[in-house]
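2 protein chains.
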Amino acid sequence: MDGFTSFMDAALAEARAAALAGEVPVGAVVVREGVVIARARNRMRELVDPTAHAEMLAIREACRVLGSERLTGCDLWVSLEPCPACAGAIAAARLSRLYYAASDPKSGGVAQGPRVFDHPQAHWAPEIYSGIGEAEAAALLKDFFAARR
Amino acid sequence: MDGFTSFMDAALAEARAAALAGEVPVGAVVVREGVVIARARNRMRELVDPTAHAEMLAIREACRVLGSERLTGCDLWVSLEPCPACAGAIAAARLSRLYYAASDPKSGGVAQGPRVFDHPQAHWAPEIYSGIGEAEAAALLKDFFAARR
Numbered sequence: 463m464d465g466f467t468s469f470m471d472a473a474l475a476e477a478r479a480a481a482l483a484g485e486v487p488v489g490a491v492v493v494r495e496g497v498v499i500a501r502a503r504n505r506m507r508e509l510v511d512p513t514a515h516a517e518m519l520a521i522r523e524a525c526r527v528l529g530s531e532r533l534t535g536c537d538l539w540v541s542l543e544p545c546p547a548c549a550g551a552i553a554a555a556r557l558s559r560l561y562y563a564a565s566d567p568k569s570g571g572v573a574q575g576p577r578v579f580d581h582p583q584a585h586w587a588p589e590i591y592s593g594i595g596e597a598e599a600a601a602l603l604k605d606f607f608a609a610r611r
Numbered sequence: 463m464d465g466f467t468s469f470m471d472a473a474l475a476e477a478r479a480a481a482l483a484g485e486v487p488v489g490a491v492v493v494r495e496g497v498v499i500a501r502a503r504n505r506m507r508e509l510v511d512p513t514a515h516a517e518m519l520a521i522r523e524a525c526r527v528l529g530s531e532r533l534t535g536c537d538l539w540v541s542l543e544p545c546p547a548c549a550g551a552i553a554a555a556r557l558s559r560l561y562y563a564a565s566d567p568k569s570g571g572v573a574q575g576p577r578v579f580d581h582p583q584a585h586w587a588p589e590i591y592s593g594i595g596e597a598e599a600a601a602l603l604k605d606f607f608a609a610r611r
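Keeping their order, the protein sequence lines are chains A and B.
Throughout, the working numbering is defined as the position within the first sequence, counted from one, plus 462.
Throughout, the working numbering is defined as the position within the second sequence, counted from one, plus 462.
Since the hints were made in silico from the structure, they are not lab data.
One thing to keep in mind: the hints can contain errors.
As the list makes no split between identical chains, a pair holds if one copy fits it or if it spans any two.
[To be verified] Straight-line Cα separation of at most 25 Å, SDA-like style, residue types lysine to any residue; simulated pairs:
| id | residue 1 | residue 2 |
| --- | --- | --- |
| 1 | LYS568 | ILE590 |
| 2 | LYS604 | ARG532 |
| 3 | LYS568 | ALA587 |
| 4 | LYS568 | GLU589 |
| 5 | LYS568 | TRP586 |
| 6 | LYS604 | ILE499 |
| 7 | LYS568 | THR534 |
| 8 | LYS568 | GLY535 |
| 9 | LYS568 | GLU531 |
| 10 | LYS568 | SER530 |
| 11 | LYS604 | HIS585 |
| 12 | LYS604 | ALA573 |
| 13 | LYS568 | ARG532 |
| 14 | LYS604 | PRO582 |
| 15 | LYS568 | ALA609 |
| 16 | LYS568 | ALA475 |
| 17 | LYS568 | ALA584 |
Bear in mind the structure is a predicted one, so any value in this text is a computation, not a measurement.
Using the sequences and the hints given, assemble the complete structure.
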């Protein structure tokens, strides 16, 4: 398995763990020089924190690991298009690349809606790649919400 | 002093404390039924966390205090226009009202740039009031950056 597939697989594994914990299944990892330095899943319910999105937690953990407020040179792999809060956090952390799996027409903030990186106020924009692992990420979300109905 | 002024004063007091700690001077409080239930200042440097904005920390603290992921019925008072990350957090937390002092043409995400609440993807938008305490909030920021040059 090449790195390209395995980093999104690591994010998807976090998403599956989120579903098992009763959280909306989204997972994320931060990669630096080919190594996963932080991984996280949605924990909003567990932590009673509406900001405890996978991306937000992974970014914070990566900053802790590196002892730096800046993640320049690092990549974020996440199973769902980030919302505006997480897109803003990606900019604040100066992540170099964003890879996301499924699009989020409902709450996405990158390729739709506020398009957080597409304004002069975006002092930072990562390179963006989408669609890797999209089918599995979307199926996880669909199954999760179907089971709750 | 009426409540209207004193809640922004509480946010400005947090902003002044941030400046003393060497952080960009922004402060925020969350108010529920006329009572301040959480207060915070920027702590990005102290916590080595690019997401440790005043609003983000105040929202998290308010959720802890109430034991709820939702802050419906609560107000956020903040000395600067929220960035996209904090605007997203405000939506995620379902805050009912947002009061901010100074506009942020450089990084703001509410009245300019991504205008996070002005899209179909914004599943929640608070009532928004701006300009209260603007002069003091702007002066704090200006003095802070002038002293660092």
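A quick look at each hint next to the structure:
no., hint, result
1, LYS568 - ILE590, "both (19 Å within a copy, 23 Å between copies)"
2, LYS604 - ARG532, "between (34 Å within a copy, 24 Å between copies)"
3, LYS568 - ALA587, "both (22 Å within a copy, 15 Å between copies)"
4, LYS568 - GLU589, "both (22 Å within a copy, 21 Å between copies)"
5, LYS568 - TRP586, "both (24 Å within a copy, 12 Å between copies)"
6, LYS604 - ILE499, "neither (29 Å within a copy, 37 Å between copies)"
7, LYS568 - THR534, "between (29 Å within a copy, 21 Å between copies)"
8, LYS568 - GLY535, "between (30 Å within a copy, 24 Å between copies)"
9, LYS568 - GLU531, "between (30 Å within a copy, 20 Å between copies)"
10, LYS568 - SER530, "between (33 Å within a copy, 23 Å between copies)"
11, LYS604 - HIS585, "between (34 Å within a copy, 19 Å between copies)"
12, LYS604 - ALA573, "within (20 Å within a copy, 34 Å between copies)"
13, LYS568 - ARG532, "between (29 Å within a copy, 19 Å between copies)"
14, LYS604 - PRO582, "between (35 Å within a copy, 21 Å between copies)"
15, LYS568 - ALA609, "within (19 Å within a copy, 44 Å between copies)"
16, LYS568 - ALA475, "within (23 Å within a copy, 38 Å between copies)"
17, LYS568 - ALA584, "both (22 Å within a copy, 8 Å between copies)"
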